[in-house]
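Colleague: Given only the sequences and the hints, what does the whole structure look like? Please build it.
Which chain is which? The protein sequence lines are A and B, in order.
Read in order, the letters of the first sequence correspond to residues 25 to 398 in this note's numbering.
Read in order, the letters of the second sequence correspond to residues 2 to 297 in this note's numbering.
In case anyone wonders, no lab produced these hints; they're calculated from the structure.
We put the beta carbon where it would ideally sit given N, CA and C, even for glycine.
Treat the hints with care, since some could be wrong.
Said to hold, decoys possible - Here chain A is said to cover these stretches of chain B; the calculated rule only asks that three of the stretch's residues, wherever they fall, bring their Cβ under 8 Å from a Cβ of chain A:
1. 131-138
2. 176-185
3. 206-212
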Amino acid sequence: MPALAELEAAYAKARRDPSFRKEFKSYLREYVGRETPLYFAERLTRQIGGAKIYLKREDLCHTGAHKINNTIGQILLARRMGKQRIIAETGAGQHGVATATVAARFGLTCEIFMGKEDIRRQALNVFRMKLLGAKVRAVEAGSQTLKDAMNEALRDWVTNVRSTYYLIGSVAGPHPYPMMVRDFQSVIGAEARRQILKKEGRLPDYLVACVGGGSNSMGLFYPFVRDRGVKMLGVEAAGHGIPTGKHSASIQGGAVGILHGSKSYVLQNDRGQITETHSIAAGLDYPGVGPELSYLRDSGRVEFASATDRDAIAAIKLLAEVEGIIPALESAHAIAAVAKVARRLTSRQVVIVNLSGRGDKDMMTVGEYLGVKL
Amino acid sequence: MSGPQSYSRNVVSSLAMLKREQKLQTMNRIGKKFTELKQRGETALIPFITAGDPDLDITLEIMKALAEAGADCIELGIPFSDPTADGPTIQRSSERALKRPVSLPAIFRLVKRFRASFDVPVVLFGYYNPFFRLGLEKFAREAAHAGADGVLCVDLPPEESAELKHWTDAFGLDLIFLLSPTSDAKRIQQVARASRGFIYYVSVTGVTGARRSFDDQLRAQVARVRRESSLPIGVGFGISTPEQAAWIAGFADAAVVGSALVERIEKTQDRKKKAKQAGAFVAQLKRALRQAARLA
Chain A
25 MPALAELEAA YAKARRDPSF RKEFKSYLRE YVGRETPLYF AERLTRQIGG AKIYLKREDL
85 CHTGAHKINN TIGQILLARR MGKQRIIAET GAGQHGVATA TVAARFGLTC EIFMGKEDIR
145 RQALNVFRMK LLGAKVRAVE AGSQTLKDAM NEALRDWVTN VRSTYYLIGS VAGPHPYPMM
205 VRDFQSVIGA EARRQILKKE GRLPDYLVAC VGGGSNSMGL FYPFVRDRGV KMLGVEAAGH
265 GIPTGKHSAS IQGGAVGILH GSKSYVLQND RGQITETHSI AAGLDYPGVG PELSYLRDSG
325 RVEFASATDR DAIAAIKLLA EVEGIIPALE SAHAIAAVAK VARRLTSRQV VIVNLSGRGD
385 KDMMTVGEYL GVKL
Chain B
2 MSGPQSYSRN VVSSLAMLKR EQKLQTMNRI GKKFTELKQR GETALIPFIT AGDPDLDITL
62 EIMKALAEAG ADCIELGIPF SDPTADGPTI QRSSERALKR PVSLPAIFRL VKRFRASFDV
122 PVVLFGYYNP FFRLGLEKFA REAAHAGADG VLCVDLPPEE SAELKHWTDA FGLDLIFLLS
182 PTSDAKRIQQ VARASRGFIY YVSVTGVTGA RRSFDDQLRA QVARVRRESS LPIGVGFGIS
242 TPEQAAWIAG FADAAVVGSA LVERIEKTQD RKKKAKQAGA FVAQLKRALR QAARLA
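Modeller: Here you go:
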């Protein structure tokens, strides 16, 4: 708790500090490669038939996903706080890579906690992290996935709290993380809003993003929350299908609970034990979801849908074939849902999908799913 | 057991005082135990075990053995799937317990069976989600009716605890909070205000688990807490030997021993001998504390 209070105070100060904001923006531009394009997916639009589909190309960020927007913000904060050692949890490895990257860039020690099962699924990202100088610590407890990695990172943090900064990758965990990660990721929505006004002269009708913990969706949605005419759709991972119980759809298949220091929708049994999740996308394999997203769902501001493993694979193939873009398995869930949403709309309407990451890291998994030996 | 009580600010002060006095008279088992030990100049021994490791029947046997060996209070761990405050020993213990669908009502029945023959206070030590899922009112009511005396919810800081505290107060359960070496003066005051029964001082920064040595600062840190509160102070996390317990006795009102005990239970292969081994270890610790009291 004192560590959270220290972090909260440091962030409150940095947030108001123009030099911090300037520094953050400068790294986003020079190092991450922002702004990312808002790309009109012309052939996808034609193929689906309905609303115009724009892709917010977060896959073009340095390291291949939106995760780095947040790690840049937090590493700048960690430096201000004088912390020498950075720890992080990771599921798919994208946040781990983004953390290892910024730690290398600023010369800080870095340790990444990752479930043993995820290490197996994401061997490429594990290698990337090591190449970036980070130590990857295998977590063998529980289901050996993201939540267990987070448990272990929290344990490490309370043990080494004086020297260590815990860099959480999603809008989950205890306050102030959900707020802070949302703020850093809001660059996605802020840019998209500006870009669509320029290209279409109007705001979009729909925003679509995949939801695991919720960082890319909050990043896209947040700057539009007050734009009443803009509908928002969060897409959760239905895995083998929500009725099978093998999924990661916390909002649609869970109940209100407390996990990792926040109250939100959580996948749990009737005894309050957190249940194991499944998704082909390791980055969505988390039994909780950001508390603010849960709130936006309860207030009716954000709608939710889901896509199965199979839908995601089909969406990867679709986007690869018609646009020449291979999305990450996580982002493919959003693509799968947009196909359904856009079809219901007219050609004068506009949808923005957050293409949160690129699919290079997933080629082994996709190959395995399709029965192709690589 | 006292029923739900709500104190209205409008009540004349004499009535409030009367009620406070009644409260003292109805002081629960934790308060009575500490008062009794204080008179003897003795430090309380609080062993921790996980409910359901390896099953609830054996847990009952272990609880009885602990009580007979001189435990002054038992911390009964409620197993949770994601024990973020626990080190590997208690994590494994939790995992073993959760191999069966161990529920809170089943744990309450366990406490009730223990309470039928023992007066040793029981503190339920767990994580918030299982309590929350059962419903906080139901949780507090059933825990109190079963004969539990206190609740320690490791992942619930005082600023988020109003709802749980409302119900634990209403049913006469002591809600216990943690302090640690990183807690500042403001935090200490806040926890001192919110706590009932005793204050649990976490001896190290980190998770539960046996440790070889302690920071010399510990004594001073406990003294710092004592300046802010008249409640007894228990020290835990890492205490694993009779010598360490005796050292703790020099400045704290209770020593909590968890992982070292849980490990003994784990390593005793024969299920029938687990309770006996646990009892023997606790008797050893208790002897050290009694000796420390005599020397003081």
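Colleague: Starting from the hint list further up, note which numbers the structure goes against and sort them upward.
Modeller: Per hint list: zero violations.
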